[in-house]
Each structure stands twice: as structure tokens, then as C-alpha cells.
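All chains, full assembly: derive it from the sequences and hints.
Protein chains in written order, with the working numbering: chain Y, 1 to 348; chain E, 1 to 348; chain B, 1 to 348; chain P, 1 to 348.
Watch out, some of these pointers could steer you wrong.
As the list claims (entries may be wrong) - List of simulated lysine-lysine pairs, DSBU-like, C-alpha gap at most 35 Å:
id	chain 1	residue 1	chain 2	residue 2
1	B	312	E	195
2	E	312	P	86
3	P	312	E	86
4	P	312	Y	86
5	B	195	B	312
6	Y	86	B	312
7	Y	312	P	195
8	E	41	B	41
9	P	97	E	97
10	P	312	Y	312
11	P	195	P	97
12	Y	41	Y	195
13	Y	41	Y	97
14	P	41	Y	195
15	B	312	B	41
16	Y	195	P	195
17	P	97	P	41
18	E	41	E	312
19	Y	97	Y	86
20	P	86	P	41
21	E	195	B	195
22	E	86	E	195
23	Y	195	Y	312
24	E	41	B	195
25	Y	41	Y	86
26	E	86	B	312
27	E	86	E	97
28	Y	86	B	86
29	B	86	Y	41
30	Y	195	Y	97
31	Y	86	B	41
32	E	312	B	86
33	B	195	B	86
34	B	312	B	86
35	B	86	Y	312
36	P	86	P	195
37	P	86	P	312
38	P	86	Y	312
If you're looking for bench data, these hints aren't it; they were derived computationally from the structure. These figures come from a predicted structure and were not determined experimentally.
Protein chains: 4
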Amino acid sequence: MLTGAVSKYGVQTDLAVEARELIVHREGPPEIPGVEVETVKTEVSFITRINITTEDGARIMEKMPGRYSTLEVPGMRERNRDVQEKISQDLAGELEKFIADIAPEAPVLVVGLGNWNATPDALGPKVVGNLMVTRHLYEMTPPEVRGGLRPVATISPGVLGLTGIETGEIIRALVVQIEPSMVICVDALASRSVKRLCTTIQIADTGINPGSGVGNRRLAINQETLGCPVIAVGVPTVIHAATIVSDAMELVQDPSKAQGPATADELPQKTQFNIDPQLITKGIPPDGDQDRRELIHSILEPYMGNMIVTPKEIDVLIDDVAEIVAGGLNAALHRSLDLERVFDYLQG
Amino acid sequence: MLTGAVSKYGVQTDLAVEARELIVHREGPPEIPGVEVETVKTEVSFITRINITTEDGARIMEKMPGRYSTLEVPGMRERNRDVQEKISQDLAGELEKFIADIAPEAPVLVVGLGNWNATPDALGPKVVGNLMVTRHLYEMTPPEVRGGLRPVATISPGVLGLTGIETGEIIRALVVQIEPSMVICVDALASRSVKRLCTTIQIADTGINPGSGVGNRRLAINQETLGCPVIAVGVPTVIHAATIVSDAMELVQDPSKAQGPATADELPQKTQFNIDPQLITKGIPPDGDQDRRELIHSILEPYMGNMIVTPKEIDVLIDDVAEIVAGGLNAALHRSLDLERVFDYLQG
Amino acid sequence: MLTGAVSKYGVQTDLAVEARELIVHREGPPEIPGVEVETVKTEVSFITRINITTEDGARIMEKMPGRYSTLEVPGMRERNRDVQEKISQDLAGELEKFIADIAPEAPVLVVGLGNWNATPDALGPKVVGNLMVTRHLYEMTPPEVRGGLRPVATISPGVLGLTGIETGEIIRALVVQIEPSMVICVDALASRSVKRLCTTIQIADTGINPGSGVGNRRLAINQETLGCPVIAVGVPTVIHAATIVSDAMELVQDPSKAQGPATADELPQKTQFNIDPQLITKGIPPDGDQDRRELIHSILEPYMGNMIVTPKEIDVLIDDVAEIVAGGLNAALHRSLDLERVFDYLQG
Amino acid sequence: MLTGAVSKYGVQTDLAVEARELIVHREGPPEIPGVEVETVKTEVSFITRINITTEDGARIMEKMPGRYSTLEVPGMRERNRDVQEKISQDLAGELEKFIADIAPEAPVLVVGLGNWNATPDALGPKVVGNLMVTRHLYEMTPPEVRGGLRPVATISPGVLGLTGIETGEIIRALVVQIEPSMVICVDALASRSVKRLCTTIQIADTGINPGSGVGNRRLAINQETLGCPVIAVGVPTVIHAATIVSDAMELVQDPSKAQGPATADELPQKTQFNIDPQLITKGIPPDGDQDRRELIHSILEPYMGNMIVTPKEIDVLIDDVAEIVAGGLNAALHRSLDLERVFDYLQG
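Right under this line is the structure:
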């Protein structure tokens, strides 16, 4: 829902990989205690699995304890159907690790969070619109055909300003009514880095937990409030304007370092500049000046609080990303079925 | 939701005025026992208030007992903003009669029924998108400003094929959660007459009651299932293809009579033909041959069951009608407030 | 542009196969003089190639002399990506026969006819939106990479009511400016048969020739007016309401015969009715009563002239059909290029 | 078309008022030679009329010689229909000064520039979609009814990437074909200030003149290339990400000064900060360091060149702004007609 949380670094990020990058980048290795990290590289994706196992780790990361899988996929913006299918497969593989906890025929509710009237926030509703919805077919299907068909239901609850109802209230009411074994929330996220917009997918088993102090009344959407596991699937589609300025200042100060270490070879190479860096950075105090960052943020907020930074071609990108994420969900949710057969069945 | 019910006349109509017209037209006056009728004419609307007071009346009308107000407004298709505001005012006046039963500050849930992916069925979601949603503002509003502000929430639950969840289930779950004093459902209807498409608004206090034998599993959405009054607001946007053929046959047989008596002077005059009617109608059995009608319907159904008849310019008309209906609802729901102030407040 | 032409049979059709069916159906074999017909069956399509070689044939068919290829593909409505790709390939194969007359690097202008504000009429603009547009890249491409890249430009001129300019005027102006070697017009058509809606693609080398007497002022869009070959690609998306009624009357009269012979085994079987046909058809004069048909049409026109019949799910179907047609055009237009390479190049 | 031009101040702006503000702000009064300025305040708008009368003035302003009227209207974002109508009236008043040069019945072509697939760039096509198009009705209208009806035609040519044809080519071809007496281009602009997004309308008689050195091949769209007067109407809807960072740096350095003098009392007051500015700005070199600005821009461009800054609610704002601009154009173009009559006529 594009809200983001302001961390102690004065930075709004919904991504665990960014949180970690910031910390390691600023405070340096060794690794963070209570935070296990594993990375895998596929043909198209660079996958980072972060497991926050202790309260200490959670405190340092400013993230809830739990598992986070992040796919960084520069090819997501490429508009190549072949690449997109590979990303969907990688996503399905990661999702399976989260869905494996419930039975193959256990019912799932997929929630498309976000505002369908705001293009970069419409990811959730668009993903949900591309899903294979089967809950209503399940009962009508003879068991011998059913073989592994999972009952999947969906809802796009809208946002508070559109409905007058907290998103969490709507979801909780539905969960009570239809009793799914798992809820999967799909949402657009805010990132702090241009390079991650529409190129990164995060899966987390922590649900959605509004940052304290952000001033919004959003109810948490997690196992505690819903009574069943809640998986959050998110893709950053915007940067808050105030964030990009903070980062840009760092970038200007030290182009070689500012955005943290590149995570995949495919990422666009940073441009070389033949300029005298002294000309630019003279006098800017060294990195890590926490107070200064917060002040910058507070100055910019009144001017830019309502502004988002997004790719020019976001309308087209959102549609592509929605198809990729829906493809991964469809494959992961209906894993034991031959996909062709499912499709045929649905159309029959 | 564009389903319609096949009456004993082999005709699909969701409109009480059409049901009555058919009966009176075919069986003639005097009036139907247990059915009270009152008509009013305003500058732009012809209003018919039908009250079905007995089970006998309900059986004859094939409609639930209850109150039905119908506005027939040829000007609704005219794309004239001035006329549209007058229609909204007439609608607000009729709606008030239905809403008057609850207190001015009693919370209301407005439900936009229908499929947002099918233009003529998207009326409900579009109306809801134009409403003044206030439930979330109510608590934040100081009582002295609040003065009559009604908490209004909305939901567009989608259709079974999109969500896998019965619409009635979603609404019931939400009603349990947020406990409104009244539910208002807005829906696109099927009519049996070209002249009523996008020119008629029906309000009924009977809720939405799927016809028996139509083969769909829709739960009723009414006071019995939800535990609070349920008002249904509907506008016909399509005719089923099989219906239009039945009617067309009658029209060909007897142009002067087929569509029932015109209800408002503004309706387009029927064209005069200088032809020998014998050439067309020779041998077609007289009106009222019930078996024949049903057979015609059953022959056409397999070919045309999935086809709808709708105005060419339906995409534009739906937007106009949605604004008109939303205007009427906004005025009726927030009656005790100065409208300007409400608008100012919302934007503040 | 969903206008259609009223033939002497009182029927609006834009399809040569329908014109022929009507004639053969009513007047019986042998074949029509001056009209050559060839049929081919592929895995998914039934292809009919009609060549009207004489003025006599043109007069009987009420179509311009020229080549017409028609793909009848029941699977087009199935929403199966695999089937859709096969249809695109069949379409590309047929299109190649029409495009073969110009050189592989000869520039082509593709025109998306129709009204983007009316869902069933938006096919042309939607197809054009899915095309690989290359004209602007051609000059920037080194010849060794270019290898067979064809410069393709597109325009969606809108309709007269939206622009105040005849579509033909806009196209002619552009043709003078950019001098393509061929113009391909993509358009939504009116059919006379429910079974053909969104299941049929027609290609013709006759361009677009408004019927005489239809009362619209549309300029012809053909080789004569534009000075280069004009290919028309069309898909029926609506039936005019008055047409469906005429046909339905015939269907009621003789269900076994009314819609003409089925053309492909995959077409949905006609339902068997266990009824006494006499009950329905008694007294309706025998088929072929030309005057009666015209009279029916003239009676219905004032009531239904503005009404269209279209599948309930037209919003979704239009998107599918647009992708299929665009896929066929992309493959046919850039034939000598390795498709993968084109895609890579475009995204680079 | 959201391209913008990089001025010597390293700033992308399409607005004459911003160019002037920058200059006066940095170099101080007295006024710029060859640049006449007049300001007017209405109930809702602050209007600035800039007339660049000499080549010197043009060089300093980095704008073509000509007349520029700018309406600054904070209320444009308020979603209040009453205010919106007043803005339309102010706009019509300004437009009339530009249109007065041609006869009341002289034909006008309105061009909706921009990309309908990119929300903030879709302003032009959306405005054009709300215009009263009359060119095709003109001939059919009896002279006594016509009384002042102006023939208005429209086109939305799309962008180069969508059509493969330079926008300027399409317009020039059409101008040759239909010979309008004036062309009015409506376009989304890039601004350098958050406060101007969707609150400012600029009218200029200079047409559209792509900046030199920007690297795009756009043809100029002006009197010289088209042979008739060309009026440009633009509304800023985005800021380039690299621009906002430059400005933000200045803002951080000196909050009291950075965005130039406020132009209307209604503009939101700048927030007061209780902080020690020294903490933030220590060491940043003084304003006006031209080389540094350019360097900042060149560093950020590779990261942010494709990023835009836009209000969160841009999807809704664009629709509002399109209606306001179309309202102003409709009133200005058909000035001698009674508006009600025009509307009635169009619907008849």
C-alpha cells in the first residue's frame, strides 16, 4: 500500500534486503547476529533468503522475525515473455517453500492489497485478477478429476479512503467466514533504490505489519490477527520523493558507494564520470551523520510527502509484473495438478 | 448481476414495472389485487411506486412483497449535466423514503454488485467509486462539525467467477464485522425492453432474491440473511438476447401493442409504417400463447444464452448513469448536512 | 467500425463466408459463377479462401472482387495461450499470401480502425497497441543487424464522431506523408451469426468499401483512394439487434437449417429439442420470403437500430483477440527476422 | 510529452514563469530586458502574462519570443466542481486572447499530444476526448442554426514509440489535408516545482519547440512548420527525478529561498522548522555554483533519467485537469454560441 516505514536511517524501505544492505554497507561486515543469509543464482534471478531468528536480529534489521525470500531480477523490466516465464518459475519455487506448510488441498485466500485507482499501487488487485480462482469449482469437481486441485479464493478489499473500512477488518471478516488455511497478501511496496523498482519480488512469512509511529491506523495482517499463516508477496513500484533525495545526496557525495554493493552481475553498470569529485562533495559531512539525515527528511516531507518517484513506463510495467507474480502463484498453489489440465478444466 | 429470472411469460425482467405492465397488458385492467400503485411526474422523471402488500399480489407479480419505486427518465441517455442533476435529485427524493426508517447518523454499507470486467455489469462498482465514503472520518470528526454526517462504508465484492466466494458470503461477513444499520445494494439489471436500458432506476426494499429455478446458487441478500434492512437500487443495462427475440416477434405481429403502453410523453414515438401488416404476421398465432413463448425461449437459449443486447454507446452511458445514481445516494445518505460543507470537509 | 451493410436478404454481414453461405444455403449448389473457393483445415482453424474473379460473382456475393481468406476458429474464445499461439501462426500464414506482393523491407502502415471508447469496436486500436512498431528504428539500425527488419508504422485514427475528420481523410493524409508500400486496416466487424463472434478472422485485399445506401459518408479505404495495396483484417464482435431477430425467426421456424451448414466439426453441436415444431412454426410463411424479411427489418430498426448483441464476456475476449491478431501480424510483417532477435532488439 | 529541456541552470522546465522565477530569483530584479510581465488575480487564479519581445529576452529566458499566459490555481487539486468551473472560465478568458486572431467560424484543429499509456502523459488525449467536436456537423448544419458554430476537429497522434511516426509528421500531414486556420496543441509538461504539478496551466503562441541538444528528433510544431498559428496549452504533471534532487539540495541549503517567491497567497505556507540549519548546510557551497549543478545532474541522470516524480493521486488528478482544460477550450472555441444550445444540438 505504498506507505513504507522510516527507519533510523531516515529511509523508507519495505525490503529486508535493503535493510540488510544498509546495515552491512554502513556498519560493515561481519554479518548481523540472529540473521541468517543464503543466496542462490538462477538463470534470471539472484535470490536472497534472509531468516531473522532472534529478537536482536529483528531489532537491528527493523523487521519482524521470520523468513524473507527476495528475487532480484533485472530482466523483469525487459518485456520478454520467455524471461517472464522463467521468473514466474523461480517465484513459484520460492513460494512453495512458504506454502509447503499446509496440505495440497488446503484452501487459500489471496488478497490483492492496494488502490486500483493509483497505477503503481494497483499491483495487488491486478495480480488477483490474473489468478486461477477455484474455490467455487472445488465442490462441483468429482474427486477423481480434482486430484490436487486447491480451493483458491481472492479478494481485493480496496483501501481505507475508498471503502471507509480498514483493509484488515475486511480480511478478518472474510477469514472468519470462509476459513482458509493460509492467507497470501500481494502488495506494491516502496523501495529506496531506483534499481529495485519493478525488478524485485519479496516473499515473507511475517504478514504485513505497519511500522510503529508512521501515523496510520492500519491493523496488522498476520497470523496473530487472522489465526492462520499469512504470507506477504511484494514488489517495489515507487520510491518516496523524500527518500530519493536523501539517497541522491549520498550518491553525489560518493558515487562508488552510495547504493550499496551490487547484488547481481546483470545489474546495469554504474557510469564512470570524468569529473573532479571535490567540486561536488566539498564540505558535505561524512556518511553516517544520522541527525542530518533525519533533518533532511523532515524538511522535505512537507513539500514532497505526497509525491512518488516511479518509472515513466509504470503503466505497462505493472501489467507485466502482475502477470509474472500471478504466474508464480498459480503454479505454486496448484502444484500437484498438471497445469494444462487445470487450464482446460477452467475453460470447459 | 445481469442474471434475470424467466417468468411464466418466458420473459426475463428484474423490474416490477415491467412485470406489472406485462400482466396488465395481457390480462387487462382492473388492477392487480394486493398491488397498490401510485404515479408521480416530475420535470424529468415519471415515477411509479408499487407496493405489493399480499402474498397473492406477490404471486401474480412474481416479485417479493415490498415497496418498489421506479423512475423512468428518458433524459438519462442525453448526456446533459443539468438534466442529470435533476435526475439525481428525484432519485434522492425516492431514496429518502426508504432510508427514512433509520436514524440520520445510523451507519450504512453500500454494496456495488457486479463484474467490473464486463462493461454493462460494472454499474455497481462504478457507483460505489463515486460515493462520499465517510465511515473512517466519522470518529475523527468533532461532534460539532459532524452534525448529521452519516458513516457510509462501501464494498465491491466482485462476482463468484472472480473471487470464488459467493457475493452473499462476502457481504454477510462484512455486515457481521461492521454492523451497519442498513445495506444498500447497487446493481445492473436485465430488462425486457430496449426503451428502458439506461433510462430506468428501480429502488426496492426487498433486497436481492435470486429467482428459484434459475440454476444459480446465489444467496439471497435481504433482511432475513443480513439482519438489517436491505435496499436494492438497480438500473437495466442489458436485455438477454433470447428475450429481445421473443419481444421482437410480438412487435412484428402487432407494432401498436407489443411493448406495452408508453409511460411518459417524452418517450420516442413509435414510427409509423406504411406496410401491409398481413404480409408480416400472417399465420402467427394470437398473443398469449404461453407454450409457444416458452418453446421459443428454449430453442434460442443454447444459441444466445451467453449473448447480451446493449446500446452501442454503453461504455459512455454506464459512466453517466453511475454518476447520476451516486449523486442521488450521496444526497440521500448525507441529507442533514450542507452538501458544500461535506465536500469541503472531504477535500480538506 | 461496426456498420455493416444490409444485403438484399435483409441481413447485415461484413463476412464473405457468410454472404456465400447465405446464397448457397438459400439458392443451393452448384457453386456461384466467378467465385472460386478453397478450404483448408489446420489443427485449430478451418480456413476458407474465396476469390471473387468476375463482376458477376461480385454482384451475386454483394462483395467487391478480390481475395478473401477466412479463419474459423472456435478455440479463439477458449482463453488457452497455447491455442492462441497456433491461431496466430495460422493467421500469419494466411497474411503472408497477401503481403508477399511487396518486398520484405517495404514499409507498411497498419491502421487500427474503430472507436476505443466502445469495447466491441476497440479491436483495431487494441491490435495496433500490441504491434512491433519499427519504422522509427529502421534508420538507426545498422544494415547488418537490420537483415529483413521491415519498417512498420501504425495509427489509430478514431472515428468521425470523436475527431470530426473522416477516417479515410486521416489515412490518406498519412499515406501521402510517409508513403508506405501497403496499408493494413484492422477492424471489428458485424456478423449475422452468434457462432462467429470472436471466432472468425477475415483477411481481404479489397480494402474497406462502405456499402452503398447505408447512409454513411465514409470514404472508401482501398488501393484506388490510397494508391497502394490495402489489406483489411477483420473479426466480427457484434451482431446488430435487428439482424439477430431476423435470424432467430428463421431458427425458430427450422432449427435444423437456419444458420446454414456448420463449417467445422469443432463448432458446438446444435441442441436437440423434444418438441413439436408445429406448435411454434405453424403458419409462418416459407423461407425465402424476401419482402417479409425486409419489412421485419424496417419495423425493428427504429427500436433496435442502436442496439448491439455481443458476448457477455466481450471485454475479456477483445483483449484475447487483439493479442492473437497482433501476434499474426507481427510474425507476418517481420517474417525474415528471427523473432527472438527482434524482441531482444526492441527492448535493448 | 514530458521531455523538458535542460537549461543552463541544470533544470528542466517547460514553464515560462519558472524560467523567469529562476532568473529573477538568482540574479535579482530589476526585470529582464525584452520581457514584459503583467499579473492579474481572479477569484481562483493568479494569472501571469509574459511577453518576450526581443531576441535578448528570449536568450535570457531560454524560451522562444512570444506570448505566454500562465494560470496558477492551487484549487485545481481540490476536486470541487464549482471551483473547477471557475478555472475553466478563467482559462477560456485567457485562451480567447490567443484565438481572437482568427475568425469565429475559422476551423481549428486541437491536437492531444502525449502517450495515452502513461498516466501523467495522457493529459492531451484525455482533453481531446472531452472536446465538442463539430467539424463533421458544420456542413450538415443550416446556416441559421450554425450562427457562430466553429468547426473543430481533433487528433491524438500518439508518441513516436507507439506509432513509429514523428508526431510532427502526423500533424503536418493532417494540416495539409484539412487546412485549419489554427492548431492548438494540448500537452503534459515537466515542471521543476512540486507546488506547480496539476495546479498550473500555460498557454503560449510559440507552438512546441524541442530544446536543442536534448537529443530527441522531434520536429517543431509551430507556425513555421505548419503554416498556421500554433497555440500550446500545457499543464505540468511530473518533475524529472534528477531535477527534484537538485532543487531539494537547494531547499535543504536554504529553505526560505529555494523554490523562489510564492506567487499566490493561497499557496500552502512553508512549514517552519525548529532546527539548527547549520547542522544541515554546513559546507555546502553557496548558491549559483553553476558547474556543480551540472555535475550533479550528470551524475544522477544515469540512475534517474527514466524516473518521474508525480503526485500519488495522479490518476484522479489527470481526469480532473482534463475536464477543466476541455471546459476552457470548449467555451473559448465556441464563444459566439449559446452553450446550452450547442450541447442540445450535439445530442439531438
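Hint by hint, here is what the structure shows:
Straight-line distance between C-alpha atoms of residue 312 of chain B and residue 195 of chain E comes to about 20 Å, which keeps the hinted pair within the 35 Å bound. Taking the CA atoms of residue 312 of chain E and residue 86 of chain P, the gap is about 34 Å. The hint holds against a cut of 35 Å. Restraint check: the Cα-Cα separation between residue 312 of chain P and residue 86 of chain E comes to about 34 Å, which is no more than 35 Å; the hinted pair holds. The suggested pairing of residue 312 of chain P with residue 86 of chain Y holds, with an alpha-carbon distance near 32 Å, which does not exceed 35 Å.
A distance of roughly 14 Å separates the Cα atoms of residue 195 of chain B and residue 312 of chain B; the hinted pair therefore holds under the 35 Å criterion. Our distance criterion of 35 Å between C-alpha atoms is met by residue 86 of chain Y and residue 312 of chain B, whose separation comes to about 34 Å. Note on residue 312 of chain Y and residue 195 of chain P: the hinted pairing holds, with a Cα-Cα distance of about 20 Å set against a maximum of 35 Å. Taking the CA atoms of residue 41 of chain E and residue 41 of chain B, the gap is near 62 Å; set against the 35 Å cutoff, the hint is violated.
Taking the CA atoms of residue 97 of chain P and residue 97 of chain E, the gap is about 51 Å. The hint is violated against a cut of 35 Å. A distance of roughly 14 Å separates the Cα atoms of residue 312 of chain P and residue 312 of chain Y; the hinted pair therefore holds under the 35 Å criterion. Note on residue 195 of chain P and residue 97 of chain P: the hinted pairing holds, with a Cα-Cα distance of about 27 Å set against a maximum of 35 Å. For the suggested pair residue 41 of chain Y and residue 195 of chain Y, the alpha carbons sit about 18 Å apart, so the restraint of at most 35 Å is met.
Taken as a hint, the residue 41 of chain Y and residue 97 of chain Y pair is honoured in the structure, with Cα atoms around 17 Å apart against an allowance of 35 Å. For the proposed pair residue 41 of chain P and residue 195 of chain Y, the alpha carbon gap of about 44 Å is over 35 Å, so the pair is violated. Restraint check: the Cα-Cα separation between residue 312 of chain B and residue 41 of chain B comes to about 29 Å, which is no more than 35 Å; the hinted pair holds. A hinted pair counts as satisfied when its Cα atoms are at most 35 Å apart, and residue 195 of chain Y with residue 195 of chain P qualifies at roughly 27 Å.
Between residue 97 of chain P and residue 41 of chain P the alpha-carbon distance is near 17 Å, which keeps this suggested pair within the 35 Å criterion. Pair hint residue 41 of chain E plus residue 312 of chain E holds up; C-alpha atoms about 29 Å apart against a cutoff of 35 Å. Under the criterion of a C-alpha separation no larger than 35 Å, the hint pairing residue 97 of chain Y with residue 86 of chain Y is consistent with the structure, at around 18 Å. Distance hint between residue 86 of chain P and residue 41 of chain P is fulfilled; the C-alpha atoms sit about 13 Å from each other, no more than 35 Å.
Distance hint between residue 195 of chain E and residue 195 of chain B is fulfilled; the C-alpha atoms sit about 27 Å from each other, no more than 35 Å. About 20 Å separates the Cα atoms of residue 86 of chain E and residue 195 of chain E, which keeps this hinted pair within 35 Å; it holds. Restraint check for residue 195 of chain Y and residue 312 of chain Y: the C-alpha separation of about 14 Å stays at or below 35 Å, so the hint holds. Straight-line distance between C-alpha atoms of residue 41 of chain E and residue 195 of chain B comes to about 44 Å, which puts the hinted pair past the 35 Å bound.
With a C-alpha separation of about 13 Å, the suggested pairing of residue 41 of chain Y with residue 86 of chain Y holds against the 35 Å cut-off. With a C-alpha separation of about 32 Å, the suggested pair residue 86 of chain E and residue 312 of chain B falls inside the 35 Å cut-off, and the hint holds. Proposed proximity of residue 86 of chain E and residue 97 of chain E is supported: the alpha carbons are some 18 Å apart, at most 35 Å. A C-alpha spacing of about 22 Å is found between residue 86 of chain Y and residue 86 of chain B, which places the hinted pair at or below 35 Å, so the restraint holds.
Of the supplied pair hints, the one linking residue 86 of chain B and residue 41 of chain Y holds, its CA atoms being roughly 34 Å apart against a limit of 35 Å. Of the supplied pair hints, the one linking residue 195 of chain Y and residue 97 of chain Y holds, its CA atoms being roughly 27 Å apart against a limit of 35 Å. Distance restraint check for residue 86 of chain Y and residue 41 of chain B: the Cα-Cα separation of roughly 34 Å lies within the 35 Å cut-off, and the hinted pair is therefore satisfied. Of the pairs offered as hints, the one joining residue 312 of chain E and residue 86 of chain B holds, with about 32 Å between alpha carbons and a cut-off of 35 Å not exceeded.
At roughly 20 Å between alpha-carbon atoms, residue 195 of chain B and residue 86 of chain B fall within 35 Å of each other, so this suggested pair holds. Distance check on the hinted pair: residue 312 of chain B and residue 86 of chain B sit about 25 Å apart at the alpha-carbon level, within 35 Å; holds. Restraint check: the Cα-Cα separation between residue 86 of chain B and residue 312 of chain Y comes to about 34 Å, which is no more than 35 Å; the hinted pair holds. Straight-line distance between C-alpha atoms of residue 86 of chain P and residue 195 of chain P comes to about 20 Å, which keeps the hinted pair within the 35 Å bound.
For the proposed pair residue 86 of chain P and residue 312 of chain P, the alpha carbon gap of about 25 Å is at most 35 Å, so the pair holds. For the suggested pair residue 86 of chain P and residue 312 of chain Y, the alpha carbons sit about 32 Å apart, so the restraint of at most 35 Å is met.
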